[in-house]
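*Asks:* Based on the sequences and whatever the hints tell you, model everything.
Protein chains in written order, with the numbering used here: chain A, 1 to 190; chain B, 1 to 190; chain C, 1 to 274; chain D, 1 to 274; chain E, 1 to 378; chain F, 1 to 378; chain G, 1 to 85; chain H, 1 to 85.
The hints are simulated quantities; they were obtained by calculation from the structure and are not laboratory data.
Please note: incorrect hints may appear among the correct ones.
Some chain F residues close to chain E (C-beta under 8 Å, calculated; not the full set) [said to hold, decoys possible]:
id : residue
1  : Gln88
2  : Glu89
3  : Glu241
4  : Val359
5  : Gly361
These numbers were taken from a predicted model, which means no experiment stands behind them.
Note that the Cβ used here is the ideal one computed from N, Cα and C, for glycine as well.
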Amino acid sequence: MRYELRLAGSGGQGLVLAGIVLAEAALLDGHVVVHSQNYGPEARGGNSVSEVIISGEEIDYPRATGLDMLVALNQRACNDNLPDMKEDGLVIVDSSAVKKVLWGRVLRLPLQRQADHAFKDSRVVNMLALGVLTAFCPLIQAESMGQALTSRMPAGSLDHNLEAFRTGLSMGHDLASRTHFHEVEDATDV
Amino acid sequence: MRYELRLAGSGGQGLVLAGIVLAEAALLDGHVVVHSQNYGPEARGGNSVSEVIISGEEIDYPRATGLDMLVALNQRACNDNLPDMKEDGLVIVDSSAVKKVLWGRVLRLPLQRQADHAFKDSRVVNMLALGVLTAFCPLIQAESMGQALTSRMPAGSLDHNLEAFRTGLSMGHDLASRTHFHEVEDATDV
Amino acid sequence: MTGQEHLIHRYLRSSKRFPHVWCPGCGIGILLGALVRAIDGNGYGKDDIVLISGIGCSGRLPVYLDFNTLHTTHGRALTFATGIKLAKPKLKVIAIMGDGDASSIGGNHLIHSARRNIDITAIIINNQIYGMTGGQSSPTTPFGLHTASSPFGHLEHPFDIAKLVEAAGAPFVARSTVYHARILERLIGTAIAKSGFSVIEVMSPCVTHFGKWSGIGSAVQMMQWQKDNTVSIEKARNMTPTELQGKVVTGVLIDAHKPTFHEEHARISREMKD
Amino acid sequence: MTGQEHLIHRYLRSSKRFPHVWCPGCGIGILLGALVRAIDGNGYGKDDIVLISGIGCSGRLPVYLDFNTLHTTHGRALTFATGIKLAKPKLKVIAIMGDGDASSIGGNHLIHSARRNIDITAIIINNQIYGMTGGQSSPTTPFGLHTASSPFGHLEHPFDIAKLVEAAGAPFVARSTVYHARILERLIGTAIAKSGFSVIEVMSPCVTHFGKWSGIGSAVQMMQWQKDNTVSIEKARNMTPTELQGKVVTGVLIDAHKPTFHEEHARISREMKD
Amino acid sequence: MKSNRVLLQGSEACVRAAIAAGCRFYAGYPITPATEIMELMSRAMPKAGGVFIQMEDEIASLGAAVGASLGGVKAMTATSGPGFSLMQEHISFAAMAEVPCVIVNVMRGGLSTGLPTRPAQGDVMQARWGAHGDHPILVVAPSSTYEFFDLTVKAFNLAERYRSPVIVLADEVVAHTRESVVLPSAHEVEVEDRVRPSVPPEWYSPYRDPGTGIPPMAAFGEGYRFHVTGLMHDINGYPTERQDETEELMARLFNKISKDFHLLQWYDSYFEEGAEVTVIAYGSVARSALRAVRTAREKGMPVGLLKLKMLWPFMRRTVSQYLQSSRSVIVAEMNMGQLSREVKRVNQGTCPIHTLNRVDGRMITPEQILTAIEEELR
Amino acid sequence: MKSNRVLLQGSEACVRAAIAAGCRFYAGYPITPATEIMELMSRAMPKAGGVFIQMEDEIASLGAAVGASLGGVKAMTATSGPGFSLMQEHISFAAMAEVPCVIVNVMRGGLSTGLPTRPAQGDVMQARWGAHGDHPILVVAPSSTYEFFDLTVKAFNLAERYRSPVIVLADEVVAHTRESVVLPSAHEVEVEDRVRPSVPPEWYSPYRDPGTGIPPMAAFGEGYRFHVTGLMHDINGYPTERQDETEELMARLFNKISKDFHLLQWYDSYFEEGAEVTVIAYGSVARSALRAVRTAREKGMPVGLLKLKMLWPFMRRTVSQYLQSSRSVIVAEMNMGQLSREVKRVNQGTCPIHTLNRVDGRMITPEQILTAIEEELR
Amino acid sequence: MLAYDCVPAALGAIMNSVNVYKGWCKKCGICIAFCPQKVLATGADGFPAPGNLEACTGCRWCELRCPDFAIVVSTEAREEGTDEE
Amino acid sequence: MLAYDCVPAALGAIMNSVNVYKGWCKKCGICIAFCPQKVLATGADGFPAPGNLEACTGCRWCELRCPDFAIVVSTEAREEGTDEE
Ligand SMILES: Cc1ncc(C[n+]2csc(CCOP(=O)(O)OP(=O)(O)O)c2C)c(N)n1
Ligand SMILES: Cc1ncc(C[n+]2csc(CCOP(=O)(O)OP(=O)(O)O)c2C)c(N)n1
Ligand code: SF4
Ligand code: SF4
Ligand code: SF4
Ligand code: SF4
Ligand code: SF4
Ligand code: SF4
Ligand SMILES: [Mg+2]
Ligand SMILES: [Mg+2]
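*Replies:* Here is the structure:
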């Protein structure tokens, strides 16, 4: 069993931290885990990628070989990473930033909007994403995520972030309970 | 035909320059020539060695393999270099500085004394040595030495040096005309 | 039309992707504008200018400009600049360096270029931190500041770069800030025109790292800081050391005359021919 | 018995071959004597002293003395010294460097040690030339001097090393000559006792090379030159720049206080424990 | 077990290992992708009672580390390619003066400034041959967070045991990847310390062979006053040009390590049994290789993996065995072919050697290796 | 003929060659035993209308030389081991930015400061592998005053032809020995110059392959404004991380030289006919070897000598031929065995290879080689 | 996609226009903060937008201090403001 | 072979002796040139030799400035001379 997730977006969206929290949670759940991030050509700006591999046994190759889940927060991040999906992988996108997704199992959520409006803090988009993702990832317990967040986030902003995470989680659960996927839904959507 | 000479003494006695003049003279006489000098562990002080190889054909190995002639201006220089002599090689020493020479064909000349007293310039000892050596070296013309000296010495001190050279030369010729070698003359001289 | 729009676009490399690589509010872009205006104002042709940089955020500057441009190794811009200047003395050689680049790893080349009086204009973009590698302390980081490599407060004392190059022999030394963009432009123009080793220390906000560690904060706050803490050399002359505490003194700090290395070398070469 | 005979022999390594390697009349030996008397005078034990040198004639000094001695690479003595000082702060760390060693290839470490205020005493033996490699010009060679590497006259301007390290932040800077052996000894004693980066520039005749190229000549003439061209800082203060032209100003040039790096580091380490 | 598992970047493991191994001095200069090690050290050293200093450049960093080691404190520095080039003169010094120290080189992409944020293995030959003059060197190469810990501890031990600079040759992937690992606790870590002199100071010669080839090492300031130089020296550390002394020193420098070659064959072997093709790899590429070999075995292909953990001295012995037992060998590296040259050197023509190289700043993938395996077996 | 013969030190020949080859910029820093080259240049450059500058160190020296070359002027520097170590970062830069320049390393004894006034050949591997990251390099090794002239001229030509740093690896014996030689006159020297762009500036891409692998090179300040960087770059010199562009650049950097391997087999062969044993040597050791082989032939022993004049790229082709035609090979070097590793690498087990090494700062003597030959033939 | 957000000179009295190129603007806010006349404000999209353009003196400080060459002032009649540095 | 060329303190008034160790002396002449009392002169063998030892004040300048530790002044009663630097 090997489960691969990738969070992709722009630098500054906190995806590296989100990936680490995710990895930490998986560790708490007793999994073997590897996290890596893509350092773009420039330390700042540009796209940012954070990747987590969860497994029950030693992880040999530490990079994704077929993504079970992709969270993409902008169009380019989505386009660039779709080729790495497993056939039945799940793609979660921010609905306002990602318009076109040539993929079957897609979830579109207004993550950035939620962050900007409900939280008045565009930076919590990573926590919302983590929440949604947790709802769909079979290997991660929400409690472990809470614990991981607590240990990795600065105390001052913890509550705020936890709240965003929980919001994301319920958005996810909500969606999970009513989602049916149909193949290549975007094919006509060009 | 390969003829090897070595001048050995202390740093500051001008032996490197003497060697170069010798090599230059050999060149003027149409020989193939190699000159090398031994840089001691320190740039200054210590012993100094200047070596010339004269040949009619390309010189492969550029270091002495058996000295035809050794000029030694102090005892240590003499001791250190005797092992490199060819069996029938000629050793020329400064008689006041070198007391003991375990060698058959030895010439002892008061070179330093001559420099100090006749020339009131201890530095011309190298020129005196060159002169003597020329008298005994079958491959070098005295005229070529004069020419080489002229091209390699600073104009200001040229006459002075030429004079010392000529003095050495006549000391050498003088000696040459009356020298008979007997084997290991110093054996009893310890 | 007086818009900078046309001026800057005459010099930007259209083939490079914009916006440029620097963070929002980073001072390097402002310096770039001032540099272009200074060069243009002095009337140099594009082919007359060589722009050389080391490695760092500041090192990324030359690639954007349509001059002869060279991005070298960390700390060594001035060594390459020396070679180019001597190979082609007619060229105006400008070296762009970060504070770490110029005064940490490259400190020796800086003082020797000053001593030798090589005809180069050295523009040191002093953001008081290592920007490119992520906010470590540099030789100009203030004592006590917490940074990525001084988590308990910086234990070292900063260089006064201007004083250092003066002591090393630089005949022209000036300092300004990107807030003072117009003065900066004029100082750069003067420095490039000046023959000999000229140094301009440009205080520039690293919003991302210095802003974070110093607590000054945003780009606007960092620019405000520059505005509030700058004193011109003319005013500074009448101020006491206590009054000057914590202030950045700007303007032309040194302006002297000294024969340059390539003039001297040309002299002996001429003598050779005669 | 007051003879130096006993004092120096208490410190010379008997296992080394004497006379030492330096040329007749070379000033390095005189400095060595002064250094030993200063150390002895301060009452340090032999094990308290680490003597570190770079490469050059001056670099050959430590091997003769019965301390902890380290002969490093050209220009880098201060980097090793920094490591030793921080590893063992109780030790008195003295770096012996030539002018080329300290200010050419090693210039950066010199200014950074000064800036950082590492508690090291730097003794720079300034003979204004590269002795060891045979008389090439160094960063302190006078403008115009013909040397083995400036056959048409030196085209570069010399550093004022004392001024340079002052600008870099050194809290103690002094200068003397080997002619003034007693004053030199006292200055060295003061510098070693002083906490922080202390620099002593020692003017020392390179008889063989500087003597030859400058035309000053023999050891005696070079010492005479030192005698005739030296002005104490006290006298110099009342002299005009014109009067000071060509003079070597000696004495304590800077004496300030600044916390040292290892004190600061010890402070944060203590804070860590609390 | 769960409670001991931590999520650590390779760089973090390296720093913890250094502290566990007794390192109490770090001097460095930031450079991608080795900066994390420096930053972590800036926190860790004061906490551990050691000293952290950011130097003006990499030359100074290694100089300071060697100085600290002479002061009796275990010391290290970390850098990447450009900084590693600058350290070469001092590596040669440390080898000559026999000063233990650990240098981590986190390899990044390309020559010159190259691809600073991307992985490569382009400094393998430089780690062996980058410094002037003949000298031996010890180089280990971790392939995971765990190995970064393990081999850093061992690097310190080797440095102390052999009085030698030791290089930890990591790559960007190993340094930056976070992995769940169980690290040994402090008391489980085996730590070696340099042998200190047991004789009184008067008898002490810092470079006299005690029979092992490795002279006991006194620290400065502890009563043993001695001389250290980068010049050729005699047993007392004094400069010499004597032929016998020079020969003796050079022979000892090489022999002190070569006598232990058999102890320095550090590798892991996977699917050795019946392997007709052996993949040889090290560093992060060994991870891709393992995945590829696993897949191949699942498909029934007779393939094994030899993962080298020590690169220099090159393990002729071990590699030769695999060359003899294999029908062919694939050497996969993120460079133009560096360690493969050594494999060829010791091969003596018996076994076909195929190289798989990549220098575009991307990891070699398991698919690439699998393809190569399939070609070998076709 | 007599009148053309001059007595010249190797260093003097090197300087004359540089000037004949068109060198007009020298930046350097004194170091034994390469100081003579610098001192001679300080006189020669102003006379030739070029520029001489003594820099603050070796890093700066090579930086300035590369800068001058970008300004369109042929440039060189010279140093010895410790300084050569310091130059490695800039060698890597010159290789990446493809800037022609010549670096002379007069090898001296030992690692670290070692034996400064004595000869060695300890930097052979460093010349190839001393700088970080993969890159090709060209290295020639003279064995006499004449060859120091000849190979320095050729080094400049190679640098210009391949837009590459080129290293002249001399040793103390070759640099300091004075020999009577006949040097070609200025017009007899064949000089190559870098190809300059023939297209208008608008069309010019400084790193676009024109088919030969070597892009024409414009000088700064002559109308072709372009960008040069040590980062991985595209055909316009702009930084790139793209895989295709990186791969293309790396491939071109290697291919531009490897395509000409057959032209780069520079050697002299002596007593080839019927040689059962071949001695392989280079630099001053080749002189001892020639003497030994001569003596051996006089005694009737079937021995030949292969003197290598180009060390890197290693002449696999030529050496393989000799490995095939010889019953055994002796590689003699003043190091612990460096080039012999390459001989072994290309050997593939067919021919026994014996090494003759010496690292005490003394030349290998003809007697030593003769003894080795006799042993081989016994 | 992104274009010049060009506010043309008003008719008659006011001769200046202040143009922000959103494709390059990074929303650092410097132009807004340091306009001596407080002409600029943050627009709804986060980009700077001229508020009271009438007040603009054409001093060009916004342009000179923009790190991204994303703002351009066009002025036909007025002189540039004096330095207020 | 070479030994201290020891000139002992004269009886009575003069208490100083100036010793030159020829094994280490390099004949640089510094001690001779800078003796304030001109006590030293070049001997026949080129080494420094005390000429008029009576004049010696025991100031030790000869010793302090000898680069080779080859000269030693022994003084029992007198004070060292003051600096004349
Ligand atoms: C030899 C070497 N050492 C270290 C680095 C890594 N490095 C790149 S930029 C930089 C410092 C940047 O700081 P600064 O010079 O102040 O420029 P800034 O980024 O602040 O503009 C460092 C240490 C390098 N590229 N090369
Ligand atoms: C890296 C390196 N470059 C050059 C040298 C050669 N070198 C040895 S000593 C020296 C200069 C000596 O001059 P200085 O430092 O003034 O000392 P001095 O001999 O005058 O006392 C040089 C260039 C070296 N040993 N190492
Ligand atoms: S990191 Fe700092 S210096 Fe670098 S671009 Fe960002 S703000 Fe500017
Ligand atoms: S060369 Fe100069 S500095 Fe060196 S020992 Fe001789 S006199 Fe002294
Ligand atoms: S030109 Fe001046 S007044 Fe007008 S908007 Fe810009 S800064 Fe404000
Ligand atoms: S200063 Fe420039 S980048 Fe910043 S907000 Fe204004 S227009 Fe945008
Ligand atoms: S002690 Fe003084 S007076 Fe006596 S000989 Fe020496 S220098 Fe002269
Ligand atoms: S000063 Fe010393 S070395 Fe010089 S002559 Fe006098 S005793 Fe001899
Ligand atoms: Mg900076
Ligand atoms: Mg000097």
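*Asks:* All hints, please: hold or fail.
*Replies:* So, going through the hints one by one against the coordinates:
The interface hint given for F/Gln88 holds, since its Cβ lies 4 Å from the closest Cβ of chain E, which is under the 8 Å cut-off. Evaluation of the F/Glu89 hint against chain E yields a held restraint, the C-beta minimum of about 4 Å falling below 8 Å. Checking F/Glu241 against chain E: minimum C-beta separation of about 6 Å stays under 8 Å; hint holds. For F/Val359, the shortest C-beta to C-beta distance to chain E is roughly 5 Å, which falls under 8 Å, so the interface hint holds.
Given the 8 Å rule on beta carbons, the hint for F/Gly361 holds: about 6 Å separates it from the nearest Cβ of chain E.
The structure meets every hint from the earlier list without exception.
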